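The hints should help you fit chain B onto chain A, whose structure is shown.
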Amino acid sequence: MTITRRPFETDTDERELTFVGKSPTRIDGLEKVSGAARYVDDFDFGPDLLFAEIVEAPHAHALIKRIDTARAEAVPGVVKVVTGADFPFGFGLYMKDRFVFAQDRVRFVGEQVAAVVARDEGIAKRAAKLVEVEYEVLPPVFDPVFAATEEAPLLHPDLADYPHVPWFFPHEGTNIAHWRKTRKGDVEEGFAEADLVLEDTYEVPRYAHCAIEPHVVVSLYDRAGRLTMWSASQSPYTQRHVIAEALAPLGLTHQQIRVITPYVGGGFGGKAGVSMEIMGAALATAVQGHPVKLRFTREQEFYNTYQRQGLKARIKVGVKNDGTILAVEHTMHWDAGAYVEYGANVVNAAGLSASGPYRVPNIKIDALCVYTNLPPGGPYRGFGYSEFNFGLESHMDRIARRLGMDPVAFRRKNAIVEGDTLAYGEKMNPSGLLECIDKVAAAIDWGTKETSDDPHKVVGKGFALMWKAPAMPPNASSSSFLKFNEDGSINVTVSGMELGQGYLTVMAQIVAEVLSVPPEKIRIETPDTDRNPYEWQTVASHVTWGCGQAVEAAAVEAREKIFEVVHRVHGYEEDSLFLRNEAVRCATDPDFELPLRDFVIAGLETDDGSYRGGPIVGSGMFMPEFTSAKSDPETSQGGHPNVHYTVGAAGVVLEIDRQTGKMHIRKTALAVDAGKAINPDLVIGQIVGGLVQGLATVLYEDMRWGEDGRLLNPTFTDYKIPTSLDIPDEIIPIIVEVPQPDGPFGARGVGEHTMIPAAPMIANAVEDALGIRITSMPVTAEKVALSLWEGEA
Amino acid sequence: MKLPITMIVNGETWPLDVEPNEVLLDVIRNRVGAKGAKIGCERGDCGTCTVLFDGRSIRSCLMLAVEADGHEIITVEGIPENGVLSNLQDLFISHNSFQCGFCAPGIVLGAHELLRDNPNPSRHDVQHALAGNLCRCTGYEPILDAVMAAAEEARS
Numbered sequence: 001m002t003i004t005r006r007p008f009e010t011d012t013d014e015r016e017l018t019f020v021g022k023s024p025t026r027i028d029g030l031e032k033v034s035g036a037a038r039y040v041d042d043f044d045f046g047p048d049l050l051f052a053e054i055v056e057a058p059h060a061h062a063l064i065k066r067i068d069t070a071r072a073e074a075v076p077g078v079v080k081v082v083t084g085a086d087f088p089f090g091f092g093l094y095m096k097d098r099f100v101f102a103q104d105r106v107r108f109v110g111e112q113v114a115a116v117v118a119r120d121e122g123i124a125k126r127a128a129k130l131v132e133v134e135y136e137v138l139p140p141v142f143d144p145v146f147a148a149t150e151e152a153p154l155l156h157p158d159l160a161d162y163p164h165v166p167w168f169f170p171h172e173g174t175n176i177a178h179w180r181k182t183r184k185g186d187v188e189e190g191f192a193e194a195d196l197v198l199e200d201t202y203e204v205p206r207y208a209h210c211a212i213e214p215h216v217v218v219s220l221y222d223r224a225g226r227l228t229m230w231s232a233s234q235s236p237y238t239q240r241h242v243i244a245e246a247l248a249p250l251g252l253t254h255q256q257i258r259v260i261t262p263y264v265g266g267g268f269g270g271k272a273g274v275s276m277e278i279m280g281a282a283l284a285t286a287v288q289g290h291p292v293k294l295r296f297t298r299e300q301e302f303y304n305t306y307q308r309q310g311l312k313a314r315i316k317v318g319v320k321n322d323g324t325i326l327a328v329e330h331t332m333h334w335d336a337g338a339y340v341e342y343g344a345n346v347v348n349a350a351g352l353s354a355s356g357p358y359r360v361p362n363i364k365i366d367a368l369c370v371y372t373n374l375p376p377g378g379p380y381r382g383f384g385y386s387e388f389n390f391g392l393e394s395h396m397d398r399i400a401r402r403l404g405m406d407p408v409a410f411r412r413k414n415a416i417v418e419g420d421t422l423a424y425g426e427k428m429n430p431s432g433l434l435e436c437i438d439k440v441a442a443a444i445d446w447g448t449k450e451t452s453d454d455p456h457k458v459v460g461k462g463f464a465l466m467w468k469a470p471a472m473p474p475n476a477s478s479s480s481f482l483k484f485n486e487d488g489s490i491n492v493t494v495s496g497m498e499l500g501q502g503y504l505t506v507m508a509q510i511v512a513e514v515l516s517v518p519p520e521k522i523r524i525e526t527p528d529t530d531r532n533p534y535e536w537q538t539v540a541s542h543v544t545w546g547c548g549q550a551v552e553a554a555a556v557e558a559r560e561k562i563f564e565v566v567h568r569v570h571g572y573e574e575d576s577l578f579l580r581n582e583a584v585r586c587a588t589d590p591d592f593e594l595p596l597r598d599f600v601i602a603g604l605e606t607d608d609g610s611y612r613g614g615p616i617v618g619s620g621m622f623m624p625e626f627t628s629a630k631s632d633p634e635t636s637q638g639g640h641p642n643v644h645y646t647v648g649a650a651g652v653v654l655e656i657d658r659q660t661g662k663m664h665i666r667k668t669a670l671a672v673d674a675g676k677a678i679n680p681d682l683v684i685g686q687i688v689g690g691l692v693q694g695l696a697t698v699l700y701e702d703m704r705w706g707e708d709g710r711l712l713n714p715t716f717t718d719y720k721i722p723t724s725l726d727i728p729d730e731i732i733p734i735i736v737e738v739p740q741p742d743g744p745f746g747a748r749g750v751g752e753h754t755m756i757p758a759a760p761m762i763a764n765a766v767e768d769a770l771g772i773r774i775t776s777m778p779v780t781a782e783k784v785a786l787s788l789w790e791g792e793a
Numbered sequence: 001m002k003l004p005i006t007m008i009v010n011g012e013t014w015p016l017d018v019e020p021n022e023v024l025l026d027v028i029r030n031r032v033g034a035k036g037a038k039i040g041c042e043r044g045d046c047g048t049c050t051v052l053f054d055g056r057s058i059r060s061c062l063m064l065a066v067e068a069d070g071h072e073i074i075t076v077e078g079i080p081e082n083g084v085l086s087n088l089q090d091l092f093i094s095h096n097s098f099q100c101g102f103c104a105p106g107i108v109l110g111a112h113e114l115l116r117d118n119p120n121p122s123r124h125d126v127q128h129a130l131a132g133n134l135c136r137c138t139g140y141e142p143i144l145d146a147v148m149a150a151a152e153e154a155r156s
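Residue numbers (my numbering), protein chains in the order written: chain A, 1 to 793; chain B, 1 to 156.
To be clear, the hints were calculated from the coordinates, so they are not data collected in a lab. Hints should not be assumed to be uniformly reliable.
[Unchecked claim] Below, simulated DSSO-like cross-link-like pairs (lysine-lysine); rule was C-alpha separation at most 27 Å, straight line:
hint, chain 1, residue 1, chain 2, residue 2
1, A, Lys449, B, Lys2
2, A, Lys483, A, Lys521
3, A, Lys22, A, Lys449
4, A, Lys449, A, Lys439
5, B, Lys2, A, Lys439
Note that this is a predicted model, so its numbers are computed, not measured.
With the rest of the complex left out, here is chain A (with noise of 0.2 Å):
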């Protein structure tokens, strides 16, 4: 049988669904509370374990003339201290502008230069110590708005020769190293012909993932030459390809390297791609026969893995007098870190989409991948458009005021709707956008002033909209194995994580709509790229729509072949069969039930004793092949770079002390159109879990550096993520259904989606009460409370 996916809009439409649409309980939820559930620390490697610490940069720009290991190798105990040296590889997502270690030079603080390998964690800790590099220290650059100018030191000077995916445009000789260019109409006639035309600039900085489990990797390259990873990752399969294509000149081969990803403790991309599980990787072939585990403390965890990039932008848009919008031009310039290798294509995605979720017939759009001397930035929930929403979506706001429009009705009236021109020429897929305004707008009582009991308090609303497109190569795709157990049970492999999101439960709810077994009885299986089928990446929370196809197609492929051996043995028609309670039923004979436990493994008995059918297995592939990544890099017209759009609303009833700036949040209320809600229960989990982590980058959480580029606050202790005592007074979550036409049962992505409209709706609140404009991240009680003394000085 072909494992292409097969035409299935008879379930989708007409038949009434059972499991899809149902809210089941997470089928991880029990392992979960038990303490069952097995993260990468938790396993067990016997006593030949090695453990492996990183010998880290004190500088954030300097040139490596020497480094001497032979104090550390002295350490009893020590196993192995490597270097550049040893592995003199660059590796790369998007482009290769990375090393395993540092080679000639660091370009950030805490960058990797070395690394000791010692039989127990305090005796690498120690000798780690006593590795001595001697640096020659170059001036760093931090500011992306200078580092993009000629003045600025150059980072990578061998820029040219990375290799890097076609859809990007580095600038030679300068740090630039991605300049996504989306050029639609003239904005230049736009703003001529409008009526009001406001610029300004919006600053936004880094932010950290701080998943709870912090990154760690054992590798173990055997005696008979095979890399085995257990690895705390999104991208197992990206990882092995990624790891393999880098270590190819040690002999390293896909065939020879297997990633394992038990459960994750928490992503939000930080687990995305490759960062410092090569390190793994590399060390394990220093010590064959070994496993060693890197487990980064949460210091490093917040210095050297990925980080969101910060962003300053400058927007300017025009409009027409009845609110029309006319032109939208916005600049960005993204610090994208030392190494960009994965976060330029964060750039790229803002620079497709940074005009908004509106109807714009002139946009300009210029997104710069700038290198700094930051650690280095990637892939964080929200992929560029939390960044880029903060001052696009703050803008329209002020935009609306100064017209005397409503915010609201300015953003009903330019809303996108489906069929309307997006920014690089293609059309905008269905979208529930103006059910999600009215509903968040009804859900805070917009238009209705409210007020406080306290003297000094005052109480504003703030409204902002969100739209988000998986940013995906045009072949990302997702497959699926799936099998039957003698019990009508089924197992499912597939290489998605489940990074908490529900992803599992999702899966198992579609291939129990398709087969009529319900969720509880179908297990889905954490990948293992030995033994699961590929997946691109759980990211750009495309996996419910992409992998959900995959797992749809293997249990459509599974249920044809169920109809077959049944038509072969009691002559139905296939067409006339269908599935119900675990059983074959027959359109044509209501009498006909046949248990799938009966023959799924067994096979059917014919009447001279001999069997039909055998062990029912469906496998099923996906690749959305009407995308395009080819372009004109002038003005990005004439691909189709992105799958669909997922758009929503959201608003806040904000009430702030005026002498304190201390805000505290009454009630908040977030739409989003997942198109249908596979899983409603696990949808509102990624609402409320998404709007508490978005409203903290816009309140408290701020990344503070050292004029040398060190990062000041890396620990809980002084960057504040939000405890239970830091959420709303009420969360009002709100799902809309507009149907995605390809997606499985109609379902889209929504689970970064959630964070996107947070931090402007906080800032348009604070306007709404105050009348300031804080135009820069983090809008804390400080920045409010300066900005309330300045004005009365």
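Just chain B now, with coordinates in the frame of chain A:
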């Protein structure tokens, strides 16, 4: 120089020889094999290493193993009785209270301690009791809902 200690972990007696500087969390995980307690920050900020120490929740990353000599420790593995999950654990499942689940063991223990000491908590009491257990996924709401539901069921 190793020191002999004896601790009771989840009802089982564990005589162990430990280094004076060995951290309790590491001994629980690597010597006793109770992996429910997790390593999250190693400085008492995140609460994922929470265990009950003579019935009180503590950060096991901040205690030395020698201090546990003669004391009783409960990890999440010790919460079920006769292999049956607590009602609170069942409610955490039915409320989909956890996503990635890494914080879950610590929160299960902290919430058990709260409900034992205060069977009639307000929502704010629950928020306060769990304020030292960081969760990055859920926004805490489904966790608080489950604890409040457990308290309600215990009253009825």
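Right, here's what the structure says about each hint:
1. A/Lys449 <-> B/Lys2: 68 Å, violated
2. A/Lys483 <-> A/Lys521: 12 Å, holds
3. A/Lys22 <-> A/Lys449: This hinted pair is violated, its Cα atoms lying about 37 Å apart.
4. A/Lys449 <-> A/Lys439: Holds, at about 18 Å.
5. B/Lys2 <-> A/Lys439: With Cα atoms ~65 Å apart, B/Lys2 and A/Lys439 exceed 27 Å; violated.
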